[in-house]
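A.B. asks: Going down the list, the sequences are from chains R and G. Heads up: the first sequence begins at 17 in this note's numbering, then just goes up one per residue. Heads up: the second sequence begins at 24 in this note's numbering, then just goes up one per residue.
Calculated directly from the structure, the hints in this document are not laboratory data. Computed from a predicted structure; not experimentally measured. Glycine included, each C-beta is placed from N, C-alpha and C at the ideal position. Honestly, I wouldn't trust all of these hints.
[What the hints assert, rightly or not] Here are some, though not all, of the chain R residues that point toward chain G, as calculated from beta-carbon distances under 7 Å:
| id | residue |
| --- | --- |
| 1 | Ser26 |
| 2 | Ser39 |
| 3 | Arg62 |
| 4 | Met67 |
| 5 | Trp180 |
| 6 | Val545 |
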Amino acid sequence: MASLGGSSSSSTEYIVRVPKNTSKKYSIMAFNSGDKVNCSSWTQARMERDMSNRRMYGVEETEEGAAGSEFGKKQREESRRKKFGIVTREFKVEDQPWILKVNGKAGKRFKGTKKGGITENASYYIFTQCPDGAFEAFPVNGWYNFVPQAKHRTLTAEEAEEEWGRRNKVVNHFSIMLQRRLREQERGPDDDDEEGEKGGKKKKKKGGRGGDLRIHDLEDDLELSSDESDSSGGEDGDSKPKKKEGDVKGKGKKKKKKRGSDSEANEDSDDGDFEGLEVDYMSDESSSEEEVGEEKAKSNKEAVPKGIDEASESEEESEEEKQNEEEGKEEEEEEEGKKTPVQTKKKRDSSGESDTSEDSDIDGEAASALFMVKKRTPPKRGGGRGSGGSSRTGSRPGTPSIDSASTSNTLRAAASKLEQGKRQVVGGSSESPAAKRLKMESSSTAVTTQSPAPSGKSTPQPPSGKSTPSSSDVQLTEEAVRRYLIRKPMTTKDLLKKFQTKRTGLSSEQTVNVLAQILKRLNPERKNVNDKMHFYLTE
Amino acid sequence: MSEKGEVDLTGAKQNTGVWLVKVPKYLSQQWAKASGRGEVGKLRIGKNQGKAEVEFTLNEDLTMIDSLGDKPSGVQAPRDHPFTMQTVGGQTLAVFTETQSESSKERISLEGLVVQRAECRPAVSENYMKLKRLQIEELSKPVRLSQQLEKAVTTNYKPVANHSYNLEYDRKKKEEGKRARVDKQQVLDMLFSAFEKHQYYNIKDLVDITKQPVSYLKEILRDIGIYNVKGTHKNTWELKPEYRHYQGGEEEEKETDD
Numbered sequence: 017m018a019s020l021g022g023s024s025s026s027s028t029e030y031i032v033r034v035p036k037n038t039s040k041k042y043s044i045m046a047f048n049s050g051d052k053v054n055c056s057s058w059t060q061a062r063m064e065r066d067m068s069n070r071r072m073y074g075v076e077e078t079e080e081g082a083a084g085s086e087f088g089k090k091q092r093e094e095s096r097r098k099k100f101g102i103v104t105r106e107f108k109v110e111d112q113p114w115i116l117k118v119n120g121k122a123g124k125r126f127k128g129t130k131k132g133g134i135t136e137n138a139s140y141y142i143f144t145q146c147p148d149g150a151f152e153a154f155p156v157n158g159w160y161n162f163v164p165q166a167k168h169r170t171l172t173a174e175e176a177e178e179e180w181g182r183r184n185k186v187v188n189h190f191s192i193m194l195q196r197r198l199r200e201q202e203r204g205p206d207d208d209d210e211e212g213e214k215g216g217k218k219k220k221k222k223g224g225r226g227g228d229l230r231i232h233d234l235e236d237d238l239e240l241s242s243d244e245s246d247s248s249g250g251e252d253g254d255s256k257p258k259k260k261e262g263d264v265k266g267k268g269k270k271k272k273k274k275r276g277s278d279s280e281a282n283e284d285s286d287d288g289d290f291e292g293l294e295v296d297y298m299s300d301e302s303s304s305e306e307e308v309g310e311e312k313a314k315s316n317k318e319a320v321p322k323g324i325d326e327a328s329e330s331e332e333e334s335e336e337e338k339q340n341e342e343e344g345k346e347e348e349e350e351e352e353g354k355k356t357p358v359q360t361k362k363k364r365d366s367s368g369e370s371d372t373s374e375d376s377d378i379d380g381e382a383a384s385a386l387f388m389v390k391k392r393t394p395p396k397r398g399g400g401r402g403s404g405g406s407s408r409t410g411s412r413p414g415t416p417s418i419d420s421a422s423t424s425n426t427l428r429a430a431a432s433k434l435e436q437g438k439r440q441v442v443g444g445s446s447e448s449p450a451a452k453r454l455k456m457e458s459s460s461t462a463v464t465t466q467s468p469a470p471s472g473k474s475t476p477q478p479p480s481g482k483s484t485p486s487s488s489d490v491q492l493t494e495e496a497v498r499r500y501l502i503r504k505p506m507t508t509k510d511l512l513k514k515f516q517t518k519r520t521g522l523s524s525e526q527t528v529n530v531l532a533q534i535l536k537r538l539n540p541e542r543k544n545v546n547d548k549m550h551f552y553l554t555e
Numbered sequence: 024m025s026e027k028g029e030v031d032l033t034g035a036k037q038n039t040g041v042w043l044v045k046v047p048k049y050l051s052q053q054w055a056k057a058s059g060r061g062e063v064g065k066l067r068i069g070k071n072q073g074k075a076e077v078e079f080t081l082n083e084d085l086t087m088i089d090s091l092g093d094k095p096s097g098v099q100a101p102r103d104h105p106f107t108m109q110t111v112g113g114q115t116l117a118v119f120t121e122t123q124s125e126s127s128k129e130r131i132s133l134e135g136l137v138v139q140r141a142e143c144r145p146a147v148s149e150n151y152m153k154l155k156r157l158q159i160e161e162l163s164k165p166v167r168l169s170q171q172l173e174k175a176v177t178t179n180y181k182p183v184a185n186h187s188y189n190l191e192y193d194r195k196k197k198e199e200g201k202r203a204r205v206d207k208q209q210v211l212d213m214l215f216s217a218f219e220k221h222q223y224y225n226i227k228d229l230v231d232i233t234k235q236p237v238s239y240l241k242e243i244l245r246d247i248g249i250y251n252v253k254g255t256h257k258n259t260w261e262l263k264p265e266y267r268h269y270q271g272g273e274e275e276e277k278e279t280d281d
C-alpha cells in the first residue's frame, strides 16, 4: 500500500494479512518436472477422493439383517479386537489420495498421494497478492504429489509374478527373453483384451507345464501336488484327461524348447548343472521302478495272469520309452496298461497325500492295498496297482498326484476290460482262480501274511454280518442259496454280495440271472424288515 | 452430480502466480493471534543492487509470546524476518482449494501456480535466542516425571464393607425380581420377532430379550430351534429350517403347534 522510498534501494511495502475465517482450505498439488504438466492447457478437470482403501479399514461386513447374522456380533468383534490389542487405523477421508482427470475421458489421469509431515515443524503459507496490493497469506493444509497414471498395459504385475514363478524352474534367461520378445511382437497388433487372454492362457499352460517340469525341488513338488490335489479334489473326471494331455504336450514342448535353447545359448554354467541332475534322477527312477514293478506284478497276479502280463509288458515298454521321453507319456500308457479303475485309490491319494515319495509309505501302501485286494471286489483291487503306480513315480515328486489322481475315464475303461478278461480266464471252474491265487500268494513275499486269508475266506464285507467262514469257493448253486436263507433272512442284495463275481467267475448280470432262477425254484418266504424285502426258508 | 469433482480452472487459466513461503512455527502461532482484519505485519520488497530483498516485519502487538506454564515468558518474538527466495525448481506446483460451504457443496478450484518459493527466517537477535532457549527448555522436559511423594497415597483403595456398585446391583436385582414365566405363546412371539432381526442368538442374549428363566426358555427353544455346536456360529441358537423364512420374508405364516 504505502510505498516508502529508501535510499539507494527502492522498496515497496505491503501489508500482509492472514485472513481469519475462511472456509477455503488450501493445498498444494505437486507435479514432477518430467511429466511436463502445463496447467493452463487444461480445458476441464475433475478431481475426487480415491476411496478404494475404504474396505481395508472397514471391517469385513457380514450380512446385516436377518440371515446369517448374530445378535451383537459387532460389539463382540469389537471387544475381541480390543482384547487382543488390535488397533485398526481409522479411515480418514482427508488423508485419502486424489484422483485427477484432466480433459475428460481421453485425457490424462493423475493420482495425488498426500505427503506426510509437512506441518510438523514449519508451516507453509501461500502468499497471494490482492488487488489492493496487500498480501494475503493462507496456510497450506496438505501437500499432494500427483503422478500420472498409465491407463494401458496394466498386467505387468501378473506378468512379473509369472516370470518369477518360472524363474526358479527355468534357469535359462535366454529363453525368457526370447519368449518375451515373441510375446511383445504378438502383442503389438493385438488389443489389451487379447493380450490379457493370452497371458491367461499362457499362464494356465505354463502352470501345467511348469508343474510337470521334473526339476525336483521340494517346493516344486509341494506346490505342484497341492495344486494337483486341489484340482483333483474338485473335479473327478473331465478335467483330468485334458490336463494330462496338456501335461504331456507341455512337457514335450518344454523339453524341446529346453533342448533348443540349450543348443543356442550355453552361457550359464547352470545349464550344465541341471543336466547332471536330470541324469541322476532318471537312473534312480528306473531302479526304483523295477522294484515297484515287481510288487505291482505280485499284486496283479491275484487278479488275472493276463492282466499281469499285459501290465508288465506295458511297464517294460514304458520303461524303455522313459529313457527317451518324459514320464508323462509313459505314465499314461502305464495307466492304460493297468486296466484297473483307481477310483477309490485315487480318491484316497488325492485326499490323503501330497508326497508319496517315501519308500516306507510306498511299502505300507502296497501292503495295505494288497490286504484290500483280498477282501474286495476287483475294482478296488486296483488300489494295489494304484499305489504301486504312485509309488513308482514317487521318486519323481512332481508327478505322483497327477498320476494317481487322473484319468478315471481311461481307468474305468481299463477296469471293465480287466473284468472281462478275468472272466474269460476264470470262466469255467471256480477252482482255478482259487488255486492260482493260493500259488501266487505263497510265492509273493509281500503277501505271506495273507496266504491263509483266501483259504479261510472270511469276508467281513457283507453288512449282513455273516462272519462265519464259509467254504473257500462260493458257487452260485441252489444249495448255497438255500443254506444262506435257512440261516437267516437276507435281501437280494445280501445274497448278491455273498456270490461275488470274482469268486464265482460270473459276470454280475449272469449272477443276477442265476440267482433269480434259483430263488424261483426255492420259492422262499418273504418278510419285510426295515422296509426291505427279506427272503428266508424254514427247514 | 456434475458439480462435485469439477475443478474450477480459472486460476490456472489466468496463470495466477503465488508464493509458497515456509514460515517458522512460532510465527504462525503469532499470526493465529491476529485480530481484526488479520493484519500481521508488513512485507517489504526491495531491489538492492540488483538483488531482490524481501523482508517481513511482524507487527508490534503480535510479538508477545505465550508460554506454557504459569509464569509469563518475558520473551518477545523477533520482528524482522528476511525471506530467502528460492526458485520453484523442476516441480510444477499448483495450488488448489476445497471449499465446503453450508450447502454442503464441495467445490474444488485451482487458485494458481507457485512462481516463487521462500523461506521466512528470523533475523538473529537477542530475542530470538531467548525464544529458542525457551523452546528448547520446553521440549527437553521429559514427558514422564518421577516424583517422590512425602506421604503414601491412601486415597485410592479403601476397604469397604460393600461397594456402592454392588449395593446398587443387589437392589436392582431385588427390584426386578426373579424372572417369571409368561405364556408360552408370548415367549414364542418374542422369539420369533427376535429371530426376524438376526439369525443366530446366544442363549444369554435370548434370556435378556425374553426375560424368562433359562430352563423354561431352553424348553421352548428346543421345540422351535436348533443349537449350533460347531461351525462359525458356535454355541448359538437358531430357528429350525421350517420356521425360517429369511431373505426378506415375514414369519406370519409360522404356526406353532403347542
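A.B. asks: So, for every hint listed, does it hold in this structure?
C.D. replies: Taking the hints in turn, this is what the structure says about them:
1. Ser26: Check passed: Cβ of serine 26 (chain R) comes within 6 Å of chain G, closer than 7 Å.
2. Ser39: holds, 6 Å
3. Arg62: At about 5 Å, which falls below the 7 Å cut-off, the nearest Cβ of chain G leaves the hint on arginine 62 (chain R) intact, so it holds.
4. Met67: violated, 12 Å
5. Trp180: violated, 34 Å
6. Val545: Given a least distance of 31 Å, the restraint on valine 545 (chain R) is violated.
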